[in-house]
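Residue numbers (our numbering), protein chains in the order written: chain A, 1 to 222; chain B, 1 to 407; chain C, 1 to 295.
Hint data in this document are derived by calculation from the structure and do not stem from the laboratory.
Since this is a predicted model, take the numbers as computed values, not measurements.
Be aware that one or more of the hints could be misleading.
Just so you have them, the derived chain C footprint on chain A, three or more residues with Cβ under 8 Å [to be verified]:
| no. | stretch |
| --- | --- |
| 1 | 84–90 |
| 2 | 93–105 |
| 3 | 167–176 |
We treat Cβ as the ideally placed atom computed from N, Cα and C, and that holds for glycine.
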Amino acid sequence: MIKAILYKEWIKTRYLFLLLAIILVAFTAYCQLRIGKVVSLRGAAHLWEILLTRDHTFHETMRYVPLFSGILLALFQFVPEMQQKRLKLCLHLPLPQSRIMGTMLGFGVNLLMALFVATYLIIGLYLYHVLAPELISRILLTMLPWFVAGFAGYAFVAFTVLEPTWRRRLLNVLAGVAFIRIFYLSSYAEAYNQVIVWLLIITLALVGFSFLSVSRFKDGVQ
Amino acid sequence: MSKTYKIIYYILLIAILAWLLPWLYNLATLKRWSTPFTLYSEIIEDFAMINVNYDEKASRFIDRKGNSYTETQFDSILPMFYYRQLVTDNKLPDTIRGTHVTSSIIRRENFIFRSRPSEINMHHPGLYPLLESRSKRVDLVMPEDVFRLTKNGIEFIDMEVNQVNREKSALFQSVFIQKEVAFPVQTIAGNPTNRKEYDEGYLFTDNDGKLFHLKQVQGRPFLRPIPIDPEINISRIWVTELSNRKYFAFLTDANNHFYALTAPDYNLVNIDIPPFKPEKESMTIFGNMFTWTVVQSNNTDEIVTAVDAKTLAAIDSMTFCNPEKDKIGTASYLFPLQLSFTSTVDKFFYPRLKAFSCHALVLNLVLLVLYVVLCRKNKFSAMYLFKAVAVAVLGIFAFIPALLLKQ
Amino acid sequence: MNPIITCTNLTHHYGKRLIYENLNFSVPEGRILGLLGKNGTGKTTTINILNGYLRPSSGECTIFGENIRHINPITKQRIALLIEGHVQYSFMNIEQIERFYASFYPKWRKEAYYELMELLKVAPRQRIANMSCGQRSQVALGLIMAQNADLLILDDFSLGLDPGYRRLFIEYLREYAKSERKTVFLTSHIIQDMEKLIDDCIILDYGKILIQQSVSELMNRFKKYTFKINDARSSLPANDEFYNPAVYRGNGELFSFQSTEYVERYLGKHSIEYSQLKTEELNLEDIFIGLTGKY
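The shape of chain A in the complex, shown without the other chains (with noise of 0.2 Å):
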């Protein structure tokens, strides 16, 4: 049954999957290509200067990649089953309401995992040939409060998109601006090592917004 379910999910995203990771591939690519002209042109000891001397990763151009890609995921997830009350389908099945919405949800985060984790693996092997480890975490940590703001754009639009009522959805969206741009509010290198694991915490368990709004669909709030 749950394999069911995340068959459904899985129908509505694998073209979005592909296309975000066409994307992320893309950007990453994009990124490895100016490191890549900075070595060539200018030597690797420059590349590391400005790593050492400077707020500055090479990656600045994915700042928004993975906030766009969790955002659109649960679009493609949720607003299917909210046109015309699909949503009422899925909460008929003969499981409980909190399974059905934890898998639907357990495998948008997951998805986002994966295509994370990916880009992340990409990006530190083609590192790992040019930089010192310290550089390495150094940019890695740098761009992990962007990667955390992915599953907090998944996490309010799913609360919001499945929020019955447009009063209330105004107001995720507002709650969800303000804590999606906490994780931009400082582009120093490295600044949000003491707090970034809480953060990614606190991003996941968010997620579970989406439990009160299929809550207050189920009571018929209009």
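Could you slot chains B and C onto chain A? The hints should help.
Same frame as chain A, now just chains B and C:
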């Protein structure tokens, strides 16, 4: 599950408001506090300052006693700072305080030193380029490698191939062992850039608190232990590389004393200024051959000390205080606390609660009464009680979301 | 017979607007019950409450004896649901959707679904979104039949169907429900053809139930009376036994469960001069209009 998330959502909205409302308020009301640009004048032997009146967009040149100067007069009482203007006007005296001066002497002796908390409170990758300090070229060249300090040694990494240079690492490591450096290194400072006149490498303290000077001289390590009073616990170092070559570095110790390390004899001299906490306050030194004007400032105060350039003893000092310092602002009546994530004194992101105010309790109580009146038709529940307590404690931050989430 | 669905004292408001108050009804086992009413009388509201998509202002409903607010997932396997407009997962094709639902229902009958699908001239990989409304209704019906549930709840199944598909749907459903002894609870605002499908009906008017009885009884007993009036009156005196009495250009009409004698006595008692009193047998749609009025 949804009940838990109801509470979580409420708490999240409170946090967002505790962050954004004070931010908006400060954005709308905060006036930037600025102090006059102040230097010690060797001529009038007092502080001279430029008081910028932002309303008139005009500058007033005055001294501490309130005497006014024209711009040209001001150049003359600060000849060491405005010497280039004086040279152009052909007014630079050839002796000041009995010492012969020329523009080139003044240029060599002048320096500006800056330390900002935000440059200290940040993550450093821990890789250090070590320049060749006695290269045969006129200009300094950035090296092809960087070193890292490990738990028990030093290691050079060749950047082009991204591999440890074992030979060079072993060479330096042997010198470190020979000079009895106790690993790991505690604090290290240098200016790894080729945009400077000369290179003095790095100064560091080892695990025992001993101070060392590290340079690369013709590819060979130069490592020199610097004997200092063992009572002095060095906490932070700035390699100066001033053009007069009189000092290797400025340093602070655990008791916030500020020192200069003289060159070439490695003497640690106390600079006679108030305690300096580099993590919290910024410092600017305008130095010349006679006096240093040391400016220490934080959010509310700015202390300016004139120090004798020869003895480093204080000559005079004055303090500027932010006039808003002890005033209770409207914000403290509105907000019981303020949440922010970033700061001007560091480059970190983490939640910071500040500006706790009990003056806001009055508003909190008013809002509590209003909340009870507005929700009088609701059934009494644990949630209602929770929200009421939140409004009483967190005031407006809890009141607005309580209304927004009302059924 | 055991009631499969019972609703007691069901009351619902949207904000301050009352939909209905103290509604009581039950659906007996093995019967096809139609909840009929004009738009806005609360048909879909009732379906939503029954399926747990709406918390009623007050009152209680049970299905198979379980309170619908906390119904056991296993019990849900015994309930098939058709949402207004035959809404299904339109991003799937007919094979995918069959595979999706099959795993949820232990009594799933794949053949029943594909039997119906063969009648539709659609490619197996055609997405449901690209089908006509009629074809979509057949997919939804096929899924319900394959689920092999004991109770079928259909919300306004006739919406958007052309007469051919409506007839097809009705015939298939009736045949299926009767041969398998299924209980069916459905709503519709199109009454045409409905007497071919339902056994019992509940007719909702704004805020209350007008009538609940078997269709055959209703069609036997409920009559339309027409007559000519010789004076110039434009209305008839009120009587609780008559529904929507009206006079138009000297033609009187009224609807009632009462006999011709009762109507004659009534006209006589109020000394109304009339002629050509006729009794008309009615189909369900006319009965519905007779009961609820044209407006």
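Structure-based check of each hint:
1. Against chain C, the stretch 84–90 of chain A contributes 5 residues with a C-beta closer than 8 Å to a partner C-beta. That satisfies the three-residue criterion, and the hint holds.
2. A count of 4 residues in the stretch 93–105 of chain A with a Cβ less than 8 Å from any Cβ of chain C is obtained; the coverage claim is therefore met, three being the minimum.
3. Beta-carbon proximity to chain C at under 8 Å applies to 0 residues in the stretch 167–176 of chain A; the threshold of 3 is not reached and the given coverage is violated.
Checked against the numbered hints above, the structure breaks only hint 3 and satisfies the rest.
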